[in-house]
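In order, the protein sequences belong to chains A and B. For the first sequence, the UniProt record's numbering assigns the number 469 to the last residue and increments by one with no breaks. For the second sequence, the UniProt record's numbering assigns the number 469 to the last residue and increments by one with no breaks.
Zero decoy hints are in this set.
Heads up, the list lumps identical chains together, so a pair's fine if it works in one copy or across two of them.
Calculated pairs, DSBU-like style, for lysine-lysine (alpha carbon to alpha carbon, straight line, at most 35 Å):
#1 LYS263 <-> LYS317
#2 LYS313 <-> LYS356
#3 LYS468 <-> LYS102
#4 LYS235 <-> LYS10
#5 LYS144 <-> LYS237
#6 LYS263 <-> LYS356
#7 LYS59 <-> LYS144
#8 LYS102 <-> LYS317
#9 LYS263 <-> LYS313
#10 LYS114 <-> LYS468
By construction, these hints were calculated from the structure, which means they are not laboratory data.
Number of protein chains: 2
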Amino acid sequence: MANYHKPDEKTLQGLKDIANKLRIHSIRATCASNSGHPTSCCSAAEVMAVLFFRTMRYKASDPRNACNDRFVMSKGHAAPVLYAAWVEAGFVNEAEILNLRKIDSDLEGHPTPKLEFVDVATGSLGQGLGAACGMAYTGKYFDKASYRVYCMLGDGECSEGSVWEAMAFASYYNLDNLVAILDVNRLGQSEPAPLGHDVDTFRRRCEAFGWNTYVVDGHDVEELCKALWQAKQMKRKPTAIVAKTFKGKGLRGIEDEENWHGKPIPSDRVEALLADIRGQIQTNKPLYPDQPEEDVPDVDLSYIRLPSPPAYKIGDKIATRRAYGVALARLGQNSSRVIALDADTKNSTFSETFKKAHPDRYIECFIAEQNMVSVAIGCATRDRTVPFANTFAAFLSRTYDHVRMAAISQSNINLVGSHCGVSIGEDGPSQMALEDLAMFRAIPTATIFYPSDGVSTERAVELAANTKL
Amino acid sequence: MANYHKPDEKTLQGLKDIANKLRIHSIRATCASNSGHPTSCCSAAEVMAVLFFRTMRYKASDPRNACNDRFVMSKGHAAPVLYAAWVEAGFVNEAEILNLRKIDSDLEGHPTPKLEFVDVATGSLGQGLGAACGMAYTGKYFDKASYRVYCMLGDGECSEGSVWEAMAFASYYNLDNLVAILDVNRLGQSEPAPLGHDVDTFRRRCEAFGWNTYVVDGHDVEELCKALWQAKQMKRKPTAIVAKTFKGKGLRGIEDEENWHGKPIPSDRVEALLADIRGQIQTNKPLYPDQPEEDVPDVDLSYIRLPSPPAYKIGDKIATRRAYGVALARLGQNSSRVIALDADTKNSTFSETFKKAHPDRYIECFIAEQNMVSVAIGCATRDRTVPFANTFAAFLSRTYDHVRMAAISQSNINLVGSHCGVSIGEDGPSQMALEDLAMFRAIPTATIFYPSDGVSTERAVELAANTKL
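Modelling step: build the complete structure from the supplied sequences, incorporating the hints.
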């Protein structure tokens, strides 16, 4: 194991200074929009500074480069501190951040991929880590590249079960290129989060779910540098960094106080508070991120065709789910970007036909449909793959919020529900999709295919693979 | 602490015999229907025998009596072993179980409350424990009664995040009247479950989520008797019993083998296997459950009225969400059955107005919307309460599968989404409900109220409280 070298004092001071600059940008932006979540930004400032200016490797002028390390802001309401990091990295103009939340600015209240440096929309809590899992799985097993994936979560959103679906997935697949940072700032929207500052319980939960876990002072840049360095050395386990922080850190009279969620700093207090923060900045030495390794394979973005036309004959009868498995396996012959995911129903949805033909491109997601959809979204980012995620159509209802967010994420995932129609027979109503068409029809940008036989199934699969938003 | 007394040998043998009788009923029923999940029943046979004939206290002739202990079969596909337990308890006719899955029988493939002994429909996995939490919360804090709540889960469904939402909820609220039994039979539908027989990891996860946890041999009736007795002594913590079992236990050539999920025993093998099981039965001594304590308060089921008509005047302007909080608080004055739940948005949905007026009838569910809906469903069973569960309308999409199951559960819960309509403004699309009407409109039996002002809001709340399926 390599030895850790503590950053020199100048670098540490530079990181502290950047953290405070991120605070200033976040406060000014939310004051300009008179809405937003500055206190949620302030708790995350040191983590963001260390991630973006010490740990992560990326081309600051080309945020969507496939070689870059990925970052997912799962606590999407802290968008301003993300935008602020890209101001400091030089990609966003400092004046532009004052257009936060304006109707003609892409710097929305919650991040979306309209921005070059955002891969997945967040803002419905608990969904970022699943997408990060998809990115990390893709990096490790499909791209076999050295980029790493970082995901910041709030403590409040760790009440969402989807977070623990993702935790189980990441350790099951040994995603040692994935780091989750839990910003444990103690306070939720309407009251303290259930665990408060009990970082030890967070640690136990993360460890029980198979993660290499560090508890750190989330405002100590040196502790953060060290833990994030240790995470890079870890093999076969994802790393969780439980960062004890304070909501509104650095804001006198606001830090660690309740009733400040989602509230900009009052105009009569902001100048004094900004002066406090400015007073702590000691240097203007810029810091630059390390460059990524250029080891990501090119992908073929041309139209994905079936290797030959459907070969069914008039009068052939085949269940559409069985035809689907054949179609997907065939499509996979012509494009290595085609992958399949399933939630332990592959022998019912017939995604097992694809698995048999292309075992390296099948991801078993077990009985965790929400996470399956998030993983698919993550796999599809930066056009690395074309995912088909499968389960009973009834159980896609479990993922409706994730599907909704997939649309906002401009994701090209394909969701395939078997056992649809009017009746599933003896298994009863819990297994029967009656709501699926209404559900998908209400999603802006969703395209619905409803094949009726083998030929239309093959062509529907081919069309779906190529249908963009 | 009281001392544990091991059951006498006759009782232990009686329990073993009942377990084997449950196997026989389950196998015969699924053979008769030529579909269903006998192997999932066989792993659970000893747990069911001990629960129904040693641990639980209930009136076998009156399954829905409010004083009875509750049982939730979260792994709903094991329905036949539940029906079999009620055969042995004398409530279901032995011949009737052979009508399993027939179109004119209420013994459906997955349990629904059409049956007197089922409180909530299951069959979409991972939802039972949340409902059990609602029952246990109601028993402990509203009814203040001695009934206890037992929930059986499969290991496969523990991949669902909603299970861990419920785990966190139960320990946060010290639900020491709740017991979860994890039937760790190692095998999912299409392959082994992710943790296989790693019961120690299950134990660590349960403990990290705050549960008193025992690992037992799930086929050893004496170990089960002891662990379930210990659970009754535990104060302030829910108890998890991690039962190591074998899928298809007792079936030669099938036990612990893959590819037997959801498959009846082939007709050419069934008689020999049944003879094996019958050969182990040593006694026909019937066992009877203990009777429950009669300590549940009566509830008033009459129409719930506002204490006075809405007092808004022509021209008054009020946000419907603010009017909603006032309306619910007012309604709560006239019925102690009215309760409110929220997912850490109470200062946005204005359920906090209800909380201020009736703090003992408000349940903070934190950021876990799926579990909030399940808890509400559990609270509403046996007409104990009239729950109103609140969050942003957009985030009710997170609960769509739970809402779907609530309809199959014939539940009278009320779901209230704020921030609906065409635009939520600066917060952006992730916070905006565009899909909510389509989503609820597709649910059979759902009634949708869409008030436009203070008066219609008050009346909508009143109507909703009284609207039955």
